[in-house]
Amino acid sequence: MTGKSAITSILLSALLAGGGIYYAQVYAFYDQIPPADIKVELTAIDSGTPQPIAIKNPQAIDSNSSPIRYRACFETVQSAEELSQSYVAFPKAVPLVAPGWFACFDAAKIGKALETGEARAFLGQRNIEYGIDRVVAVFPDGRGYAWQQLNECGDKLYDGSPADPSCPAPDTSAKGTN
Numbered sequence: 001m002t003g004k005s006a007i008t009s010i011l012l013s014a015l016l017a018g019g020g021i022y023y024a025q026v027y028a029f030y031d032q033i034p035p036a037d038i039k040v041e042l043t044a045i046d047s048g049t050p051q052p053i054a055i056k057n058p059q060a061i062d063s064n065s066s067p068i069r070y071r072a073c074f075e076t077v078q079s080a081e082e083l084s085q086s087y088v089a090f091p092k093a094v095p096l097v098a099p100g101w102f103a104c105f106d107a108a109k110i111g112k113a114l115e116t117g118e119a120r121a122f123l124g125q126r127n128i129e130y131g132i133d134r135v136v137a138v139f140p141d142g143r144g145y146a147w148q149q150l151n152e153c154g155d156k157l158y159d160g161s162p163a164d165p166s167c168p169a170p171d172t173s174a175k176g177t178n
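Counting in my numbering, the sequence shown runs from 1 upward without gaps.
All the pointers check out, no bait thrown in.
Using 16 Å as the maximum straight-line C-alpha spacing, the simulated EDC-like pairs for lysine to aspartate or glutamate come out as follows:
1. LYS92 x GLU115
2. LYS92 x GLU152
3. LYS39 x GLU75
4. LYS56 x GLU41
5. LYS56 x GLU75
6. LYS56 x ASP141
7. LYS39 x ASP62
8. LYS92 x ASP155
9. LYS156 x GLU129
10. LYS56 x ASP37
11. LYS109 x ASP141
Derived from the structure by calculation, the hints contain no laboratory data. These figures come from a predicted structure and were not determined experimentally.
Sequences and hints are given; from them, build the entire structure.
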């Protein structure tokens, strides 16, 4: 009987630990952002500074545990074509997967639309946090999505290789905003 009890105890502990880790990764560290606090900015071609665009029906999540957990969904009245006249394009946009419960954000569909040219990606804000850019994708019907992804300086910072001389020195005192 002692062997069965030990095995049962080990399996139960492993199951509980696995469930706790799953919950922590998928639910515990995310916070939903109140719609009134969600703004979408795109970097203007002429000034190089982020400017807010008009949005409706925003939904967003974020996490203090990682700078790349931000995801947002929204609608805009401006078409991707109109936005491309005034705002900086983001050619290497790769949407990151959102938790399954944040159903409005489907990274696979957004990524495919970006690859085929159905959607267009724009720079929301460069270095919203050192090495992290905010990226915004807009579909022709006005659906929009935002996320944060590593830029070339962030890639170097996190993989441990020497930073390119064109990268600014990391500023650990400042943190970007939503």
